[in-house]
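Asker: Sequence:
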Amino acid sequence: SVSVVGAKGTNNVAKYYYSINNGTYVESSTANYTFTGLTEKTTHTIKVKVADTKGRMSNEYSLSATTDAYIVPSITNVTTTSTADSITINITGQNGDGTINKYYYSKDNGSNYVESTSSSYTFSNLTSNTTFYIKVYVKDNNNRESSVSTASIATKTLTIADYVKAQYIGTQGSNGIYYHNTTLTNGAKDNSYRYAGANPNNYVCLGSTENPCPDANLFRIIGVFGDKTKVIRAKSVGDKQWHTSESNTWSTSSLNTYLNGEYLTSLGTLADKIATTTWKVGGGSSTYLFDVPKTAYQYEVGSSASSTTVDKKIGLMYVSDYYYSASPSAWTLVGYNSSDATKDYRFSKGENWLYGGGWDWTISRSSDNSNDAFRVYDYGRVSNLYVSNYFGARPSFSLLSSTNYVSGSGSMSDPVRVTD
Numbered sequence: 001s002v003s004v005v006g007a008k009g010t011n012n013v014a015k016y017y018y019s020i021n022n023g024t025y026v027e028s029s030t031a032n033y034t035f036t037g038l039t040e041k042t043t044h045t046i047k048v049k050v051a052d053t054k055g056r057m058s059n060e061y062s063l064s065a066t067t068d069a070y071i072v073p074s075i076t077n078v079t080t081t082s083t084a085d086s087i088t089i090n091i092t093g094q095n096g097d098g099t100i101n102k103y104y105y106s107k108d109n110g111s112n113y114v115e116s117t118s119s120s121y122t123f124s125n126l127t128s129n130t131t132f133y134i135k136v137y138v139k140d141n142n143n144r145e146s147s148v149s150t151a152s153i154a155t156k157t158l159t160i161a162d163y164v165k166a167q168y169i170g171t172q173g174s175n176g177i178y179y180h181n182t183t184l185t186n187g188a189k190d191n192s193y194r195y196a197g198a199n200p201n202n203y204v205c206l207g208s209t210e211n212p213c214p215d216a217n218l219f220r221i222i223g224v225f226g227d228k229t230k231v232i233r234a235k236s237v238g239d240k241q242w243h244t245s246e247s248n249t250w251s252t253s254s255l256n257t258y259l260n261g262e263y264l265t266s267l268g269t270l271a272d273k274i275a276t277t278t279w280k281v282g283g284g285s286s287t288y289l290f291d292v293p294k295t296a297y298q299y300e301v302g303s304s305a306s307s308t309t310v311d312k313k314i315g316l317m318y319v320s321d322y323y324y325s326a327s328p329s330a331w332t333l334v335g336y337n338s339s340d341a342t343k344d345y346r347f348s349k350g351e352n353w354l355y356g357g358g359w360d361w362t363i364s365r366s367s368d369n370s371n372d373a374f375r376v377y378d379y380g381r382v383s384n385l386y387v388s389n390y391f392g393a394r395p396s397f398s399l400l401s402s403t404n405y406v407s408g409s410g411s412m413s414d415p416v417r418v419t420d
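Oh and the sequence shown: position 179 is 179 in the numbering used here, straight run, nothing missing.
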């Protein structure tokens, strides 16, 4: 930028002439002129002259000037965060002589870059427990770029709860998973992720590396509740009395004692992966637990449930677990209709993976009397009967949130495997 102070002679100064590097003069009516498009850090010869109102020309004034170095944009900070399958990168940039308008992100040490206009970017669908080498740089509106900043970060280890939730890809029923949010019709509305349908891929082998998985170690995933994964043994441990006496208090029942004593001990190191759970064991009236799933859920374990609880590692399925393991088309059926089998869960047993074909106890007592607990009949419906009867017992429990997924598609021949 050139500024000229011209001294008039007989007449006033009227025009200014500017030349750079001995080039053609540019005429101007102002005493200021800017040459643009020059090369940085280069010395240029500037010549200036003026003319008065009569066209009389002054002497030629000459000087030299060196352009400054262009101040390129810079990166002042890079932060990264990760999940089991994603990495998010945030860039803080500093403008130079131009304005930052493009951001470049690489997760493979610069082999490939993604261009963005945002200072934050997320790489998704990544492999868990893997280190990625990050490189980033920015460009300004003059297409000048910063130096490259580097970082490294590992994706988190995939927990089994993460794995299950990842099977839900935003569409209800995807991979057999239903997300019970507030918009799921007839759902539990507890934000759980539950498997439902005839035979979803929800098998998991626990406490064994054998292939095929032994019956004693083969479980099925009911769903994810909070950050814990709830499972149930694929087959019964055998016919057991809910209670050897006629009392339907779960905390003192013989089946509770067996499950959290002899059976728990038999699991060996697997027992260390089982979370202590606050089980709601007040049960409910058959008026509600024989009703449609959302009503049964509400009165069995929801906001209308009894406040009676027990803190133990192992229990049994809830009546509502059984109901919600059927396809959503069954969620309008009741657990039991005495006059029409097509209106209760007998009609839906073929589309309910939790139906085992036998008579299985649930953990829920009948609040209508002190002798009964609820069970699933061999033909699919739910009923209540004396606790001293012998029916199938399928242990159920929640895995600790830290339990990590290792492999497996969840099919019976390729069950999910977790860390030892």
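What the hints contain is simulated information worked out from the structure, not anything from laboratory work.
Wrong hints could be hidden among the right ones.
Simulated restraints on C-beta separations [said to hold, decoys possible]:
1. 183 x 275: 42 to 52 Å
2. 254 x 278: 20 to 30 Å
3. 113 x 332: 32 to 42 Å
4. 111 x 183: 36 to 46 Å
5. 350 x 92: 55 to 65 Å
6. 108 x 265: 23 to 33 Å
List of simulated lysine-lysine pairs, DSBU-like, C-alpha gap at most 30 Å [what the hints assert, rightly or not]:
7. 139 x 41
8. 165 x 8
9. 156 x 8
10. 8 x 41
11. 165 x 139
12. 49 x 189
13. 294 x 343
14. 102 x 139
15. 49 x 8
16. 235 x 294
17. 189 x 156
18. 189 x 139
Glycine residues also receive a C-beta, built at the ideal position from the N, C-alpha and C atoms.
Asker: State for each hint whether it applies.
Answerer: Each hint tested on the structure:
no.	hint	verdict
1	183 x 275: 42 to 52 Å	29 Å, violated
2	254 x 278: 20 to 30 Å	21 Å, holds
3	113 x 332: 32 to 42 Å	52 Å, violated
4	111 x 183: 36 to 46 Å	42 Å, holds
5	350 x 92: 55 to 65 Å	58 Å, holds
6	108 x 265: 23 to 33 Å	49 Å, violated
7	139 x 41	20 Å, holds
8	165 x 8	84 Å, violated
9	156 x 8	77 Å, violated
10	8 x 41	35 Å, violated
11	165 x 139	38 Å, violated
12	49 x 189	83 Å, violated
13	294 x 343	16 Å, holds
14	102 x 139	5 Å, holds
15	49 x 8	12 Å, holds
16	235 x 294	26 Å, holds
17	189 x 156	29 Å, holds
18	189 x 139	47 Å, violated
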